[in-house]
Amino acid sequence: MPRHEPVPAARRGRDRKAVVLPAPPPRRTGVRAAARCAVVGGGIAGLAAATALAERGVRVTLYEREPTLGGRLAGWPTELADGSTVTMSRGFHAFFRQYYNLRGLLRRVDPGLDRLRPLPDYPLRHGSGTYDSFARVPRTPPWSALGFALLSPSFGAGDLARMNPRAALPLLDVRVPEVYQRYDGISARALLDRVRFPEAARHLAFEVFSRSFFADPDELSAAELALMFHIYFLGSSEGLLFDVPDEPYPQALWDPLARYLGTHGAAVRTGTPVLGLQPGPDGGHLVHTADGAEHTDAVVLALDTAGLKALTAASPDLCDAAWRAGIGRLRVAPPFLVTRIWLDRPVAPHRPGFLGTSGYGPLDNITVLNVFEGEAARWARKTGGAVLELHAYAADPAARPHDLARELVAQLHRVHPETATARIVDRRDEWRRDCPLFAVGTHGDRPTVETPDPTVTVAGDLVRTGLPVALMERAATTGFLAANAHLRRWGLGGQTLWTVPRHGRSAALRLLSRRFGTT
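Under UniProt numbering, the residues of the sequence shown are numbered 1 to 519, in order.
Since the hints were made in silico from the structure, they are not lab data. Hints are supplied without guarantee of correctness; some may be wrong.
To be verified - Restraint ranges, calculated between C-beta atoms of paired labels, are given here: (1) D445 with I424: 42 to 48 angstroms; (2) E199 with H93: 25 to 31 angstroms; (3) G112 with A267: 27 to 33 angstroms; (4) D445 with D403: 32 to 38 angstroms; (5) V19 with A135: 39 to 45 angstroms; (6) G129 with R406: 22 to 28 angstroms; (7) P349 with D193: 20 to 26 angstroms; (8) A94 with P349: 21 to 27 angstroms; (9) T140 with A94: 17 to 23 angstroms; (10) L286 with D110: 35 to 41 angstroms.
This structure is a prediction, so every number in the text was calculated from the model and none was measured. Every residue gets a Cβ at the ideal spot worked out from N, C-alpha and C, and that includes glycine.
Sequences are here, hints too, so could you generate the full structure?
If you want it as structure tokens, here you go:
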């Protein structure tokens, strides 16, 4: 059976201070052959867990309720009004260079990451007319922060002088879990108020970081905002530029990974929701689906918040009462809308593939898919048109998706005026509410990878860890950690992991932070 070879450190990224977390070593005795593990959920976390387990000979069954893999990065076919069959998804995602473990997962089927295409810039446009860019910003802290402030039109000449250095200094030495002890009790907006972050530049922090969690800055924990600053800007030299898949998610990422799992003996069962778990008569668990019950020695729960809550409620013997009560308290973020439109004419050739926006009503970003995605580019060449995607994060739950989509299109016309005369060939709206909410003061309620039952682990971007990871990278990392916990019990070697530095990069700045910083 083929085995995955570790990726050389030189291919992890450019940051020499990235931290390696060695894999749990195999034991020479007590190895359990042909152990079975059920992975519930086929998103990034579940795919990472299933991969690490199957590579080491564990008999894996991956259950996914949807007909396709990928979770919030799933894709599915749809037929347009012009008869074209295209792939629809839940929206654009940026694959940052700090996502070491996610990229390690993708290297299983794409060793050179050739399916990821770099975008040349991460531009941000405000309704006031200011335009920010990360293309020319130095990538190594602290020069990245200083360079951005000097290059950005959002920072006035006196803005840096007016900031509160005692409140800002702790951001130069973010550590996990200390960052939650320091900041989980206040909101993201309150933290920026303390720092006296310039009003004109607030949209940079909110749109780039806070809104990435699909949450309003008044509700999002400041600890998550501080952690984002560290991961993407102040603690890593990978920078804020990113890559994107060159084809839709299924074709570029998940279909090849499903085939890879098959070569390692894993059973991938899409369209198969798990209805409940119960203790097995001789240990382990019975996994109940519409097809009946199957026995497994261990379980990885890699579900979104609603799915985890529902399965826990349907499994009254899972772990213990206190753990189940904690899962029941988890919350989801406000809904979001993804509107994709197929136009009968192109946008101006200088338009970026991705543009973050602020000050344009509910519009948070615009993606011109045919700039980088092969399928969209082929449709655009065939028709002479363009494929655009519009996002509205943290939407009003009472909003009517159709009306909100019309407003997004109206705001698009303000940002890219040439689209106002284009005819919409077809449109798809995805209104979803299933992202985890990291609200103020709730970090302690989030589950950890390990549970009161050693045969049950949890993975996903909702899981708390002692590592500086977030979003898709948190999903991949916790998936591998969930697999490692089971592999360690069975005496099998685990997956080596990497993270951005686990504290501030500069010893001098760390000293300043400890001596003069304040909460």
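Under the constraints set out in the numbered hints, which ones does this structure not fulfil? Numbers 5, 7, in rising order.
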